[in-house]
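S.K.: Here is how the chains run, residue by residue.
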Amino acid sequence: MTKELENVMEVEEDTQKGKYLTFIIGKEVYGIEIKYVTEIIGIQQITEVPELPDYIKGIINLRGKIIPVMDVRLRFKKEQREYNDRTCIIVVEINDISVGLIVDSVAEVVDISENDIVPPPNSSTGFSNKYINGIGKIGEDVKLLIDCNMLLNDEECENLAMIS
Amino acid sequence: MTDNMKREPMVEMFIFETFQLLDELEQSLINSEKESGFESSINEIFRIMHTIKGSSAMMLFENICGLAHSIEDLFFYLRESKPKNYDSSEITDIVLCGVDFIKNETSKLENGMELDGDSSELIYRIREYLQSLKRLNGEEVAQEDAKEPDSGEQNPSKKYAISLCDETASSKSYKYEAVLKFEEDCEMENIRAFSVVHDLKEVADILYCHPKEVLEGEGDCEIIRKEGFKVVFATDLGLNEVKDRLSHALLLKSLDVYVLSDDFSTESVKDYLKDKDESEKGNASEQDQKEASSNDGADNQKINDSNKKNKNENEEKHGSVPSNANSLGKQSVISVNISKLDKLMDIVGELVIAEAMVTQSPDLAGLQLDNFQKSARHLNKITNELQDIVMSIRMVPLSTTFQKMNRIVRDMGKKLNKSVELEIIGEETEVDKNIIERISDPLIHLIRNSIDHGIEEASERERKGKPPVGKLVLEAKNAGGDVWIIVKDDGRGLDKEKILKKARENNLIHKPESELTDKEIYSFIFMPGFSTSDKVTEYSGRGVGMDIVTKNISMVGGSINVESVPDKGTTFSIKFPLTLAIINGMAVKTGRSSFTIPTISIKKSFRVKDEAIIEDNNGNEMIMVRGEAYPILRLHKFYNLDTDITDLNEGIIVMVENDSKVICLFADQLLGEQQVVVKALPRYIKKVRGIGGCTLLGDGSISLILDIATLINIKEV
Numbered sequence: 001m002t003k004e005l006e007n008v009m010e011v012e013e014d015t016q017k018g019k020y021l022t023f024i025i026g027k028e029v030y031g032i033e034i035k036y037v038t039e040i041i042g043i044q045q046i047t048e049v050p051e052l053p054d055y056i057k058g059i060i061n062l063r064g065k066i067i068p069v070m071d072v073r074l075r076f077k078k079e080q081r082e083y084n085d086r087t088c089i090i091v092v093e094i095n096d097i098s099v100g101l102i103v104d105s106v107a108e109v110v111d112i113s114e115n116d117i118v119p120p121p122n123s124s125t126g127f128s129n130k131y132i133n134g135i136g137k138i139g140e141d142v143k144l145l146i147d148c149n150m151l152l153n154d155e156e157c158e159n160l161a162m163i164s
Numbered sequence: 001m002t003d004n005m006k007r008e009p010m011v012e013m014f015i016f017e018t019f020q021l022l023d024e025l026e027q028s029l030i031n032s033e034k035e036s037g038f039e040s041s042i043n044e045i046f047r048i049m050h051t052i053k054g055s056s057a058m059m060l061f062e063n064i065c066g067l068a069h070s071i072e073d074l075f076f077y078l079r080e081s082k083p084k085n086y087d088s089s090e091i092t093d094i095v096l097c098g099v100d101f102i103k104n105e106t107s108k109l110e111n112g113m114e115l116d117g118d119s120s121e122l123i124y125r126i127r128e129y130l131q132s133l134k135r136l137n138g139e140e141v142a143q144e145d146a147k148e149p150d151s152g153e154q155n156p157s158k159k160y161a162i163s164l165c166d167e168t169a170s171s172k173s174y175k176y177e178a179v180l181k182f183e184e185d186c187e188m189e190n191i192r193a194f195s196v197v198h199d200l201k202e203v204a205d206i207l208y209c210h211p212k213e214v215l216e217g218e219g220d221c222e223i224i225r226k227e228g229f230k231v232v233f234a235t236d237l238g239l240n241e242v243k244d245r246l247s248h249a250l251l252l253k254s255l256d257v258y259v260l261s262d263d264f265s266t267e268s269v270k271d272y273l274k275d276k277d278e279s280e281k282g283n284a285s286e287q288d289q290k291e292a293s294s295n296d297g298a299d300n301q302k303i304n305d306s307n308k309k310n311k312n313e314n315e316e317k318h319g320s321v322p323s324n325a326n327s328l329g330k331q332s333v334i335s336v337n338i339s340k341l342d343k344l345m346d347i348v349g350e351l352v353i354a355e356a357m358v359t360q361s362p363d364l365a366g367l368q369l370d371n372f373q374k375s376a377r378h379l380n381k382i383t384n385e386l387q388d389i390v391m392s393i394r395m396v397p398l399s400t401t402f403q404k405m406n407r408i409v410r411d412m413g414k415k416l417n418k419s420v421e422l423e424i425i426g427e428e429t430e431v432d433k434n435i436i437e438r439i440s441d442p443l444i445h446l447i448r449n450s451i452d453h454g455i456e457e458a459s460e461r462e463r464k465g466k467p468p469v470g471k472l473v474l475e476a477k478n479a480g481g482d483v484w485i486i487v488k489d490d491g492r493g494l495d496k497e498k499i500l501k502k503a504r505e506n507n508l509i510h511k512p513e514s515e516l517t518d519k520e521i522y523s524f525i526f527m528p529g530f531s532t533s534d535k536v537t538e539y540s541g542r543g544v545g546m547d548i549v550t551k552n553i554s555m556v557g558g559s560i561n562v563e564s565v566p567d568k569g570t571t572f573s574i575k576f577p578l579t580l581a582i583i584n585g586m587a588v589k590t591g592r593s594s595f596t597i598p599t600i601s602i603k604k605s606f607r608v609k610d611e612a613i614i615e616d617n618n619g620n621e622m623i624m625v626r627g628e629a630y631p632i633l634r635l636h637k638f639y640n641l642d643t644d645i646t647d648l649n650e651g652i653i654v655m656v657e658n659d660s661k662v663i664c665l666f667a668d669q670l671l672g673e674q675q676v677v678v679k680a681l682p683r684y685i686k687k688v689r690g691i692g693g694c695t696l697l698g699d700g701s702i703s704l705i706l707d708i709a710t711l712i713n714i715k716e717v
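Sequence lines, in order, name chains A and B. Number 82 in my numbering belongs to position 82 of the first sequence; there are no gaps in the numbering. Number 46 in my numbering belongs to position 46 of the second sequence; there are no gaps in the numbering.
Treat the hints with caution; some may be incorrect.
As the list claims (entries may be wrong) - The calculated DSS-like cross-link candidates involving lysine-lysine, where the alpha carbons are at most 30 Å apart (straight line), are: (1) A:K78 - B:K433; (2) A:K130 - B:K433; (3) A:K35 - B:K340; (4) B:K433 - A:K65.
No lab work stands behind these hints: they were computed from the structure. All values derive from a computational prediction rather than experimental measurement.
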């Protein structure tokens, strides 16, 4: 039984492996591992919650489930932009926490094999985006691959940085 | 996967059942101790022990099984021999020890730990007690003594391979044929039969069985169901021992054991069985003859007699079940996973919202739709009913929690040498399941405190002119949307001076002592680390208890009050909402945000005129209402919201109260009152001060629920 289950899971993992959902913010194309993505919804009414960091826009009602939404633009310290009909919310689930990510638009699902992923240039060269954990190459295009865990929980790091 | 490993459904069931049975058992034990006799409840106790024994044996928890078996033995003796002189409180003590052991083991199982407890000492104790009981009642001990505990006995030295033609088997001195019939509907007869064979193999050689596929753990259930399971075996054991062994099988309906003649070879066994099959069951005389030829008739007679007895006993065991269940007034109950219920509630909540979205759709505005309105009203009725039912599913009577307290009162009274009587009122009061779970610990603490500190020793009570038996009242009642639980004792009451002294030592007093009301003084006891007890006892005095009580109670949205009169007693009143899931709330609007204020805490709402506003030099606004000044909390300022309405005259003031402290909230406008389903804020959003949760409004938008108690506290500091 368990062995079968493991097999099934392996297969499932395999089908998801190397697949990335790409979305666009400004001019850049970002990729997020497909296994984190639950669904993609259009922008909807967001209820503001006081006393939260500016990049958490508030909470939304996703079929009775209340989930927080994060504006990835603001998270990346970019300028705020008016939401339009291209704006999407990608609902991701990381460590049992559901969060909606507001992005300019969603592009496509692509396969990026491990060989095509290179680590981001290190900070000594001036590149220091801690949310990026790899750069995927597809032909001429470059996708910035996002570290979901960092995206959600790097408060501690921020605080630490401030102290030091 | 997650940390919460899914348990086997079977284990889950075992845990659930055992806990339930143990609770029942505890109750009937304590009841019968009060009546100082087990007459009324003995069947009940017997049944419970038997069930636990059976299920733990099935799950291969030998320690539990052995213990349950020995307790069963004890009660078997009590029931059968009806001894006159025994001390019911002593028996209760012993059995409760056993109950604790099983409970302990079961909770280990629940927490996914190894069952490493050893019950042999307890078993030994129970056995010893049984012996002494028998001796006391002047009975021969020797005979019954042959029956050893299951775990101790086993003859591991003799393990023969199972083979139908094992001729060595004939070396064993006796041959028996046993016909076992299982309870109807017990299912898996073949497996049950197999386990019987397996068990027998340890002490006997199996010569033949029918259907024979059972040996491989297979076989046709139908045949067993119809004809019973037949097994022929050879062993050194005596007839009674064989019977005893076989009667351990689970869900056994009847058991017949016949002694076969020594010269039966395997072949003849087969023939014999075939013959017997053909000659039908009615042809008993021939059978008897055959048996008589090999055995002396007296022995045979005895067997049949004891067979009957055995049967009767079995019937009695099972027969007693329904009658007992009826006498307890049990309803038929199924147990459902709580997460399914939560989901159901979510969906019903959704349905209600969706319904509102349809019936109040802006597209319909201004249209004359008589038929639509009619159907909409009908729909509304149904959804409301559905919602009520779903809510009521989660409601559980407090009785189990209250009944648990009996045990605590009993144990503590015994240890502290105080006689205390517990009166329970209103145990049928129903509250939300979540609350039940959290209320148990605080109640235990309160009751312990009352017995330990409150109620005096008998001699002291007599000096004060009180009845020597202390009285503790545990009461539950509904009042409005709240449930009250009251713990009242008639002890010495709280010592005001002592509390004041301790409060002074701990620097808890922030205003002149002369201004402190009794209520304020008494509420010091809820501070963490506060204990007026000079010595730490097993039960209390460390000053942690009351702190936990308040914490637990406020977790379920409740509050606690204490009243006390010296030498008359102390009363703790706990107040909490009927359900956590649904509250009546008033929606207010500030800027673009909507907030919901629980209606329970609203005193009134009104518009103000300028002259009533006072401002102190720190910019704190206050409002005069009927000669009293109340602080104002502007929601838009507090939460930094944009709004056009900043003039107090234009908005609305909502006066809210918590723990007899009052503040006035300022909002733009009232949206109206409605029942709301409380949802927790997502975990990712860490705690926002003053917000207790959120809820969905009729149009699907989200409203934040204000936590009035925190708001008031923030304003005060």
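S.K.: If a hint holds in the structure, say so; if it does not, say that too.
M.R.: Verification of the hints:
no., hint, in the structure
1, A:K78 - B:K433, "47 Å, violated"
2, A:K130 - B:K433, "45 Å, violated"
3, A:K35 - B:K340, "26 Å, holds"
4, B:K433 - A:K65, "21 Å, holds"
Comparing the model with each numbered hint stated earlier shows that hints 1, 2 do not hold.
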